[in-house]
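Chemist: Listed below, chain by chain, are the residues.
There are 2 protein chains.
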Amino acid sequence: MLNPGTARRITDAVDTAFDRQLEFTAELVRHPSLRAAESSAQDLMFTELESRGLAMDRWALDGDALAGHVGYGPSTVAFEDLTNVVGTYTPQESKGRSLILNGHIDVVPTGPEDTWERSPWDAEIKDGWMYGRGSGDMKAGLAANLFAFDAIRAAGLEPAATIHFQSVVEEECTGNGSLAALQRGYTADAVVIPEPEENMLVRANVGVIWFRVRVSGKPTHVREMSSGFNAIDAAYPVMGALRELEAKWNADQGSHRYFEDVHHPINFNIGMISGGDWPSSVPSWCEFDVRAALYPGIAAADAWGEIEECLRNTGSEANVSAERTGFFSEGYVLEEGSDAEAVLASAHEGVFGSALRSFTTPGYLDGRVFTLYGGIPALTYGPVSEAIHGFDERVHIESVRNVTKTIALFIADWCGVDESA
Amino acid sequence: MLNPGTARRITDAVDTAFDRQLEFTAELVRHPSLRAAESSAQDLMFTELESRGLAMDRWALDGDALAGHVGYGPSTVAFEDLTNVVGTYTPQESKGRSLILNGHIDVVPTGPEDTWERSPWDAEIKDGWMYGRGSGDMKAGLAANLFAFDAIRAAGLEPAATIHFQSVVEEECTGNGSLAALQRGYTADAVVIPEPEENMLVRANVGVIWFRVRVSGKPTHVREMSSGFNAIDAAYPVMGALRELEAKWNADQGSHRYFEDVHHPINFNIGMISGGDWPSSVPSWCEFDVRAALYPGIAAADAWGEIEECLRNTGSEANVSAERTGFFSEGYVLEEGSDAEAVLASAHEGVFGSALRSFTTPGYLDGRVFTLYGGIPALTYGPVSEAIHGFDERVHIESVRNVTKTIALFIADWCGVDESA
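Each protein sequence line maps, in turn, to chains A and B.
Mapping of the first sequence onto UniProt numbering: position 370 corresponds to residue 370, and the numbering continues sequentially without gaps.
Mapping of the second sequence onto UniProt numbering: position 96 corresponds to residue 96, and the numbering continues sequentially without gaps.
Hints listed in this document are in silico derivations from the structure and should not be mistaken for laboratory results.
Watch out, some of these pointers could steer you wrong.
Where chains are identical, the list cannot tell them apart; a pair therefore holds if satisfied intra-copy or between any two copies.
With a cut-off of at most 20 Å between alpha-carbon atoms, the simulated SDA-like pairs for lysine to any residue come out as follows [as the list claims (entries may be wrong)]:
id	residue 1	residue 2
1	218	112
2	218	359
3	248	80
4	218	118
5	126	397
6	218	116
7	126	20
Working from the sequences, and respecting the hints, build out all of it.
Modeler: So this is what it looks like as structure tokens:
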């Protein structure tokens with residue numbers, strides 16, 4: 001437990017540097033770090049971490065090593081384009097508990113930019129929100145990690161345990177970035193991941209599987225189409241079969257701890273579709289990409305088996321096949337009662353003046369990597385946002401300030417602090 | 001009416017050159033003359049026509065001139081890549097009726113090549129059929145035009161009227177190729193178009209409109225998808241609304257001459273679809289390409305008005321918009337009783353030993369250009385084929401032989417012949 005004076009020095013330091021923090025966040029947002037195009041943003045992260053005197057590590061993901069891991073998600077991009085950045089702080093004398101401050105640098109596509117009210121990459125601040133693709137998910141969080149650390153030193157203190165800052169790729173598609181960091185040997189007594197979580201702590205979340213369904217057959221000229229096969233038509237009942245499986249899994253929510261009261265916890269999203277080659281030819285093929293969710297405790301392989309069975313029994317006369325195209329992850333639960341959670345709750349209450357609330361989220365989180373495969377309590381906790389993955393994504397500025405203060409207090413309490421020499 | 005001896009000399013000449021005709025047809029098929037990639041095939045046509053001493057003309061389509069024509073189909077490719085080839089035969093003395101021998105060089109995409117039993121471009125002959133994309137639709141016809149003409153001269157005769165050989169582009173998407181030939185001033189007393197029509201004459205056919213429908217809205221993160229908008233889902237009822245319009249138009253077939261007994265004459269084909277940007281984002285947009293048919297006598301603008309009204313009243317909460325992307329054509333009827341038809345019927349009966357049958361086809365044909373805008377009777381008549389626009393497209397060899405003979409006899413009878421000097 002920090003004494004109030006120390007805590008005050010730290011939170012004041014967050015306030016003092018907050019304009020610079022926003023500037024840095026905006027600079028990060030201005031790098032369109034879409035999948036496999038994260039390099040310039042990672043360069044910036046590397047430079048910032050290095051300038052703080054951290055020991056730097058940057059490496060390309062190792063496809064062979066990843067492919068042997070049960071939590072690996074099949075990749076559809078080249079691994080050489082995917083690099084993680086880690087900066088490590090090592091104290092003079094290690095007395096406290098070590099920590100990973102994790103965040104992902106990759107962002108999802110903008111969708112049609114003309115549906116945005118502004119450029120997705122201008123990071124404009126307006127009416128208390130910062131806009132832009134990745135502003136909430138999760139460049140504000142990456143910056144919060146960094147400036148929380150800064151605040152401790154700006155307050156004349158030094159953390160008393162090892163801290164690894166991780167800026168990882170692939171969180172939006174496979175989870176292979178955090179998995180690669182774990183495989184590289186990075187471990188700690190706790191991990192903080194400031195995803196946009198409405199100033200709350202994630203208690204449990206779903207696993208996610210990505211797959212692509214191909215529906216095909218042999219049609220002929222459009223003038224004979226009424227007797228023929230049309231793959232676009234045939235795709236919709238296949239989607240319908242998957243929706244039935246989704247409904248079945250949702251109906252089972254009562255038997256899954258922390259999911260009993262979540263509204264529609266299992267979402268099967270048909271996120272992309274393509275099909276056909278020519279307007280006047282009856283389409284012979286149609287493919288669609290699905291993101292399916294599964295409850296914690298269910299192996300991805302078992303869920304995948306059910307999905308495959310569903311696709312074998314659609315009753316369609318078409319050829320229906322599926323391949324995995326990304327996430328192949330299980331969900332996780334942050335077990336109640338950990339020291340890490342207690343320290344976070346204390347920090348949060350000190351900043352917000354209200355108790356830390358936890359909740360269950362139906363979206364993928366890298367927390368599963370640390371929890372399931374590292375035995376590390378994962379504190380996924382971060383600012384208020386709106387429209388992540390949508391248009392005019394934005395993050396709430398004052399929430400970012402308070403989350404940064406909470407993380408700073410957490411670092412100080414968890415790692416311990418010494419007065420600077 | 002040709003005397004039997006002359007006719008026999010001509011049909012024998014077709015037989016004599018038939019192996020070379022098949023070789024040339026195969027060579028044409030081996031040029032994958034997909035849209036805007038017809039150059040090498042047009043080079044071949046140009047060389048072949050020129051080697052026969054014809055006066056050559058090759059020109060790029062003129063977008064501005066075309067755009068002013070009511071039969072113009074909006075183009076989505078650059079006009080400079082689209083060239084027509086015409087070779088003109090002029091007799092020493094013009095005594096007979098002039099003729100256009102028309103065919104299109106463009107072919108539709110193959111679809112997934114692994115669904116073919118062989119390469120779509122190898123033009124293999126097997127069990128009496130020549131296989132390949134474009135074999136039936138309509139390179140066999142283009143070659144038949146040319147070798148029918150050859151046969152007359154090989155028989156020691158010279159046609160006694162002007163003949164324009166046209167190898168046009170854009171028949172599979174806009175019809176702008178034949179329209180451009182008409183605009184360039186090519187006209188005649190009749191036109192023969194050997195499309196794959198089962199050894200029959202097309203009496204009537206539909207008009208076609210191509211358009212792309214865009215369904216869009218503002219969704220958000222997949223974790224909130226149950227409350228949100230999904231454009232791929234939303235596209236399906238919009239297709240359903242179009243299907244209702246299709247059913248309405250089909251129900252009206254009884255009031256359209258020559259369509260009373262056609263099975264399902266009006267086809268709305270959803271030929272292509274695309275949508276969404278990311279599997280884990282709820283899709284904000286979905287586009288699909290439609291090929292719609294309309295009866296002869298209905299202005300394309302009127303049909304389009306009905307389609308637009310249909311799309312305004314789908315009841316969808318989505319934004320639904322549509323743009324025209326190709327064909328904007330009316331259908332046509334070949335009125336009974338023309339001299340041209342009588343001459344063709346006579347030639348056909350002389351070769352096949354059975355009466356020429358006519359029928360109504362629910363697919364687009366360039367015949368509408370000559371009929372509607374040139375006042376030229378269009379004889380769309382050609383060989384037996386299977387799976388045009390599908391997989392393993394093929395054309396029946398003996399049918400090609402007989403159609404070539406019929407066209408040769410038609411030329412001789414229509415244009416008249418003189419003994420060669």
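Chemist: Does the structure break any of the earlier hints, and which numbers would those be?
Modeler: 2, 3
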